[in-house]
Amino acid sequence: MNGIIITNPVEKSVLPKVETGKSDTHRRALTEWEQQTFLECAAKRKPFYADIFYVGFSTGMRIGEINALEWQDIDFGKMEIHVNGTMIKVAGKDYYKGPVKTGKSRRTVPMLPEIAKRLRNHKLEQAKLRMMLGDKWDPVKGLEHLVFTTMFGKPLMTLSVGRYINSTVNAVNREEEKRAKKEHRKPKIMETFCPHSMRHTFATRALERGIPPKVVQSYLGHSTIDVTMNIYTHVTAELEREEIRKIANQF
21 MNGIIITNPV EKSVLPKVET GKSDTHRRAL TEWEQQTFLE CAAKRKPFYA
71 DIFYVGFSTG MRIGEINALE WQDIDFGKME IHVNGTMIKV AGKDYYKGPV
121 KTGKSRRTVP MLPEIAKRLR NHKLEQAKLR MMLGDKWDPV KGLEHLVFTT
171 MFGKPLMTLS VGRYINSTVN AVNREEEKRA KKEHRKPKIM ETFCPHSMRH
221 TFATRALERG IPPKVVQSYL GHSTIDVTMN IYTHVTAELE REEIRKIANQ
271 F
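So in the working numbering, spot 36 of the sequence shown is number 56, and the numbers just go up one at a time.
In short, the hints are calculated from the structure, not lab data.
Heads up, some of the hints might be wrong.
FRET-style restraints, in silico, Cβ to Cβ [stated by the list, open to error]:
1. 112 to 234: 41 to 49 Å
2. 207 to 64: 33 to 41 Å
3. 68 to 28: 21 to 29 Å
4. 137 to 179: 38 to 46 Å
5. 109 to 68: 19 to 27 Å
Here are the simulated DSBU-like pairs of lysine-lysine, each with C-alpha atoms no more than 30 Å apart in a straight line [said to hold, decoys possible]:
6. 148 to 64
7. 156 to 143
8. 98 to 161
9. 113 to 161
10. 137 to 64
11. 66 to 174
12. 121 to 64
13. 121 to 156
14. 98 to 113
15. 266 to 64
16. 64 to 234
No residue lacks a Cβ here, since even glycine has one placed at the ideal position from N, Cα and C.
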């Protein structure tokens, strides 16, 4: 696209088949307890960054889409979030807002009242921080109005979000270990997760509560219903295991 080479060798490349086993945490969905506990801990530790996770768990947006959100994409009047780009970082170059993954990825996602409240407060806190830092507030040219940034106005890296997830999970586990020791029980340890797990968790919660797969597909911007149905199959299997326990007392 940049005209550096005449032909694109990637177009004729053959991708290797990737086998995912038990070690694959990319598609891990958090339990309701994990989701709630993580959000509460994140909000206590660093509220400025915690709103990223509230948006992720409540919309199912990809982390690149969340990092690329600008304030003009947030419609507080209609309670909508417009997804129209993704944050891209090229080695040796700066960040830029690139196109979404597929045509279906360009979409409008409903915004919950609690999330709108958090984003309004986030915008206010960001404005205060910008005024306090003055010249030290240093956004990337063309990305001066991002919703989520570093403490100095720079775009966020997915790697940075992942590190904050890890540190928050570690904080959750430390508190749980202390509580379990006092209560003389085994601690309930939370496994860490990657940013994409917020998207999978959102889909899981939506399908668990009976939202039709076609609607969930629209929320997520999946190119085909097959991707959504793979999650649906997983959720259905979990619910079936839960239902059978209702007759366990008979045996």
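Status of each hint after checking the structure:
1. 112 to 234: 41 to 49 Å: 42 Å, holds
2. 207 to 64: 33 to 41 Å: With a Cβ separation near 19 Å, residue 207 and residue 64 fall outside 33 to 41 Å, so the hint is violated.
3. 68 to 28: 21 to 29 Å: 40 Å, violated
4. 137 to 179: 38 to 46 Å: With Cβ atoms ~29 Å apart, the hint is violated.
5. 109 to 68: 19 to 27 Å: Holds: the Cβ-Cβ distance is about 21 Å, inside 19 to 27 Å.
6. 148 to 64: 19 Å, holds
7. 156 to 143: Holds: residue 156 and residue 143 sit about 18 Å apart, inside 30 Å.
8. 98 to 161: 29 Å, holds
9. 113 to 161: 12 Å, holds
10. 137 to 64: Given pair residue 137, residue 64 holds - Cα atoms ~17 Å apart, limit 30 Å.
11. 66 to 174: Holds, because 17 Å separates the two Cα atoms, which is no more than 30 Å.
12. 121 to 64: Measuring from Cα to Cα gives roughly 33 Å; hence the hint is violated.
13. 121 to 156: Violated - the C-alpha atoms of residue 156 and residue 121 are around 33 Å apart, more than 30 Å.
14. 98 to 113: 36 Å, violated
15. 266 to 64: 37 Å, violated
16. 64 to 234: 36 Å, violated
When held up to the earlier numbered hints, the structure conflicts with 2, 3, 4, 12, 13, 14, 15 and 16 and fits the remainder.
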